[in-house]
Amino acid sequence: MQREVGTLPLAPALRARLAAAGFQTAQELLDTGPCGLSKEIGISREEALEALQVVRQECHGDAARTARGSGATRKCTALELLEEEQTQGFIITFCSALDNILGGGVQLTKITEICGAPGVGKTQLCMQLAVDVQIPECFGGVAGEAVFIDTEGSFMVDRVVDIAAACVQHCHLIAEAQQEEDHQKALETFSLENILSHIYYFRCRDYVELLAQVYLLPEFLSEHSKVRLVVIDGIAFPFRHDFEDLSLRTRLLNGLAQQLIIIANDHKSAVVLTNQMTTRIGQNQSTLVPALGESWGHAATVRLIFHWDNSQRLATLYKSPSQKESTIAYHITPHGFRDVQPPAGTHSSEGTEMNPRKRPRTEEEKQ
Amino acid sequence: MAAKKLRRAQLSQEMCERLSRYQITTCQDFLCLSLLELMKVTGQSYYEVQKLLCKVSRACAPKMQTVYEMKLRKSVNPSSAFLSTTLHSLDRVLHGGVPCGSLTEITSPPGCGKTQFCIMVSVLATLPVSMGGLDGAVIYIDTESAFSAERLIEIAANRFPTYFDSDEKLFCMTRSIHLYRELTCCSVLKRIMSLEEEIISKKVKLIIIDSVASVVRKEFDTKLQGNLAERSNFLTRGASVLKYLAEEFSIPVILTNQITTSLSSGPSIQADLVSPADDLSLSE
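Protein sequences appear in the order of chains R and L. If you're matching positions, the first sequence starts at 1 in UniProt numbering and goes up one per residue. If you're matching positions, the second sequence starts at 1 in UniProt numbering and goes up one per residue.
Excised from the complex, chain R in its bound form (with noise of 0.2 Å):
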């Protein structure tokens, strides 16, 4: 009720017009009532009804969120936190050595980055998630829906097909295992054309397409509810050639930053960009940083960088607020993105019995 007049929401024109008149609090704004308000500042009524009820929105919105700390506020106790990440799912992967390092898989509410040079894998990898995404509860996934937005045109849908065409025979598979009934009740819905339907795929051309198609994704999202990951496959792209005012290139960027996190939070999805390398001249040697520059560097919460050794790929985890730096190796075969060699025989801890995502050895050998 305290707030200061020139804090609230409302046209500048008229923020302008009631600071001349003196009014400094929004208590006393409410106090004068739309006549007194229109016939002091020499607007009408109409507006000054509105204007009041743009302050008055905002005082109640103020108060309710210290008041009741429902959804739509952002603060909570650590406690509350914990429980919440405990019971979080994780996207997985499908290469279990990415998985473990990345401490489960890609995690919901977080922006991961994957930055790596051309043909390592990065388009690969975002189109095993979109897969991945879908596969439902009872097989240890989130059972969620995906958006693809594409600024390079290097999506394949025969390539999604096959994805898409393994992760069913796999789940196949250990339901065949396993033998429990909602296994088989989930199975019927999981198939080829429902995991295509609900992958939606945006072509932005260029960064105005991309900016738009980011302001109207929170409207796309409250529409679709079930969509649990966002994938953004070249956010490096459009930024790259054609800008001349670098200080506009990283405002962008930023501002696109904090609308990405947005929607990660709000809508509890995982947000994956892929970024492209670019090569620093340093003193005497050239390295391979990820593009964009350093300021991009905050925006993700977790990047894995891809690189080559040989014709060995590998994936460093560079940084993580919750798992350490380590590197494993990976392999894009036929049926999308997997492990190098089968998975050691241990797993770790409790909980394997029930989780689903413990894969039978029979199952890499026939692969």
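The set of hints was computed from the structure by calculation and includes no laboratory data. Among these hints, one or two may not hold up.
[Unchecked claim] Derived SDA-like pairs: lysine to any residue, alpha-carbon spacing no greater than 25 Å straight-line:
hint, chain 1, residue 1, chain 2, residue 2
1, L, K4, L, M15
2, L, K55, R, L248
3, L, K55, R, E58
4, L, K63, R, H224
5, L, K40, R, L8
6, L, K5, L, G43
7, L, K55, R, E47
8, L, K63, R, L221
9, L, K51, R, Q259
10, L, K63, R, N194
11, L, K40, R, L221
This structure is a prediction, so every number in the text was calculated from the model and none was measured.
Got chain R sorted already, so can you dock chain L onto it with the hints?
Coordinates of chain L only, in the frame set by chain R:
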């Protein structure tokens, strides 16, 4: 889409006039401003500005398609998804041939046969669909002046003697291959930008650029300050227009590249993809 004028974005007339006083006439100008700046120029409240942003975004955002719809659309026309190169082992490795709708790059040391391959593929593209071709015209952008029309006729006559049995047929085929000699980066870019209308009017089904590397390496000396940034600018602009053309018309685009030595402490020979990704960042 970016240059779309605001009045086509369903904004009211007076709003458009007010914005044009601040030189904001296209969607691009509008979306590049921050929320506070927008509030200042439109004179509206925070909530109103957000609604305006959604309106303008709707005017330029791409359309949504589900992957299932894309798959159905592709399966309606299965034969037009690839251009077979008639080299069976190559076609097998490429899962059918040169894919339509995307860019394909061919790279090799000098003398290995890139230009010959391009000439052969141009002949193939003019063949009717029943013989594995695309039944369309070809746009060939030649930066090295390496294209030889006599060689073209020799390949066509020897490879498909039953089809090209008369001079008439040969001349018809050569008439549908449009050759452009561009010798500078600037003219190559201008030519690429002007291709959209040519593709529609001449019913083009294949674009070949031979070669990207020669014209870029002639003009940009990477040891000079600032040249790398300009080079990558030129390449990414060309690449995004070519990608747009390939996707929009569902035609294959073939580019050729050259080999260079990448000096590093590791193994010495690596293909230098004169690639947009491998350049100096505009570091801050």
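Just pull the numbers of the violated hints for me, sorted ascending.
-> 11
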